[in-house]
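Number of protein chains: 2
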Amino acid sequence: MADRVVRRIPEPTVVRLPVYQRALLTLSTCGVQTVSSAELAEAAGVNAAKVRKDLSHLGTYGTPGTGYDVSFLLGQVRRELGLDREWQVVIVGMGNLGHALARSQTFATQNFRAAALFDIDPGKIGEEVAGLPVRHVCELAKVVGGISRSIGVIASPASAAQDVCNRLVEAGTVAILNFAPAILAVPPSVQLRQVDFSVELQVLAFYVAHPEVTPEPQDAPLSGL
Amino acid sequence: MADRVVRRIPEPTVVRLPVYQRALLTLSTCGVQTVSSAELAEAAGVNAAKVRKDLSHLGTYGTPGTGYDVSFLLGQVRRELGLDREWQVVIVGMGNLGHALARSQTFATQNFRAAALFDIDPGKIGEEVAGLPVRHVCELAKVVGGISRSIGVIASPASAAQDVCNRLVEAGTVAILNFAPAILAVPPSVQLRQVDFSVELQVLAFYVAHPEVTPEPQDAPLSGL
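Protein chains in written order, with the numbering used here: chain A, 31 to 255; chain B, 31 to 255.
In short, the hints are calculated from the structure, not lab data. Ideal Cβ positions, reconstructed from N, Cα and C, are used throughout, including at glycine. One or more hints might be untrue.
[Claimed, not checked] Just the calculated beta-carbon pair ranges, DEER-fashion:
1) 78/B with 193/A: 21 to 29 Å
2) 109/B with 173/A: 27 to 35 Å
3) 153/B with 115/A: 19 to 27 Å
4) 62/B with 217/A: 27 to 35 Å
5) 40/A with 79/B: 13 to 21 Å
6) 243/A with 138/B: 23 to 31 Å
[Unchecked claim] Coverage of chain A stretches by chain B, computed from C-beta distances (three or more under 8 Å per stretch; other residues unrestricted):
7) 57-64
8) 150-163
[Unchecked claim] Facing chain B, from chain A, some residues (calculated, C-beta under 8 Å):
9) 169
10) 173
11) 228
Chain A with its partners taken away, still in its complex shape:
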């Protein structure tokens, strides 16, 4: 039954769940016990109707006049996001971007653990970043093959991205986040997302060039909405 509810969650809602999660974490840390949809909306930078609709996809409706129980809702959102287990993040490409990602606050605050770092440049192999040694990419299959629930992060140049992607897939990585400006091919069983600086700038340029198209002025559009 739970699966049938989940099946209908639209992707824009999925992309907002991490934002609610962060807002709820902050509220929880501050000792707040209940939150209205309007308050959660403000903390998450979306409108209140959207919050109520998004949370209804989780089967959560809050109590009229009181709102949502912060700690219950936080647990529910984290479970939906798969954050009730630990994920091992493998970063390939240890240039400036790889360094920034390896040192991300994400690894301190969520159930994501930086598990292994790789590069192909002999000058970088053995360097220690965020407490981990940078390994040669030829070790990837061995190291990542021994990790369960791994997420691969590609921070290599575009020209190397498909090769890196193939190595991650062959090593059993179940999800890949690609920062290289290249369209990658993966088997259907592997989840792939792409973050592209150039695409983001172009989308901004589009909306500045066409101010009449602004999608939803009440929202702070998050990439992925």
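Given the coordinates of chain A, assemble chain B onto it according to the supplied hints.
Positioned in the frame of chain A, the structure of chain B alone reads:
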């Protein structure tokens, strides 16, 4: 009339336009003159029906049996994206991420120019990155105020992001791309997008945890779709 057509372009289509643009640029560079929706779909990593629907939003339908004229379509997509003019990109926060962004290939291949770099750390001021000096953020109003069509990129820690955002808005920046893990408030006249490493990992974790929800298996999901 053109505006009335544009007004109906859905955001997922807007986010795919840069992907089509890149695919068309590659085809054009290779001397290809016409392209079918199936070929363009493959190059862009989406399905052909989606390509046809997306391009119909631009009023472009191609010629049955022949497909789309590559150079005409490329010009049209670039105009829609506002890439027929130059955009000045200002990066604030010159840690590893700021360095990676300043050196991005984006600035070599599109009409985006890295115009100014800022940090608050005295140790970084005066350093040269990608041919530009890093300036103190207290110079931001003066420098950015003199730039037209500026896009601000926030690569600062989350704790400084709203302050940086306010400075950019006061200096007249029309669009902001925020890489800091913080929800920012901007006036409705400013376009804001957010790229968040943690959100991307969580969305991937969600889809791995719920394999039955995979949104559109034929597509390589791009952040923002």
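Structure-based check of each hint:
Separated by about 27 Å at the C-beta atoms, residue 78/B and residue 193/A satisfy the suggested range of 21 to 29 Å. Between residue 109/B and residue 173/A the C-beta distance comes to about 47 Å, which lies outside the given range of 27 to 35 Å. As the Cβ distance of residue 153/B to residue 115/A is approximately 40 Å, the hint placing it in 19 to 27 Å is violated. Taking 27 to 35 Å as the suggested C-beta distance range, the pair residue 62/B and residue 217/A conforms, at roughly 28 Å.
Between residue 40/A and residue 79/B, the C-beta spacing of about 19 Å keeps the proposed range 13 to 21 Å intact. With their beta carbons about 28 Å apart, residue 243/A and residue 138/B fall inside the hinted range of 23 to 31 Å. Only when three residues or more bring their CB closer than 8 Å to a CB of chain B does the claim for the segment 57-64 of chain A stand; here the count is 0, and the claim is violated. Here's how the segment 150-163 of chain A fares: 0 of its residues keep a CB closer than 8 Å to some CB of chain B, so the rule of at least three is not met and the hint is violated.
The restraint placing residue 169/A at the interface with chain B is violated, with a minimum CB-CB distance near 23 Å, outside the 8 Å limit. Taken as an interface hint, residue 173/A does not check out: its beta carbon lies about 19 Å from the nearest beta carbon of chain B, beyond 8 Å. Nearest Cβ of chain B to the Cβ of residue 228/A: about 4 Å, under the 8 Å cut. The hint holds.
The earlier numbered hints that this structure contradicts are 2, 3, 7, 8, 9, 10.
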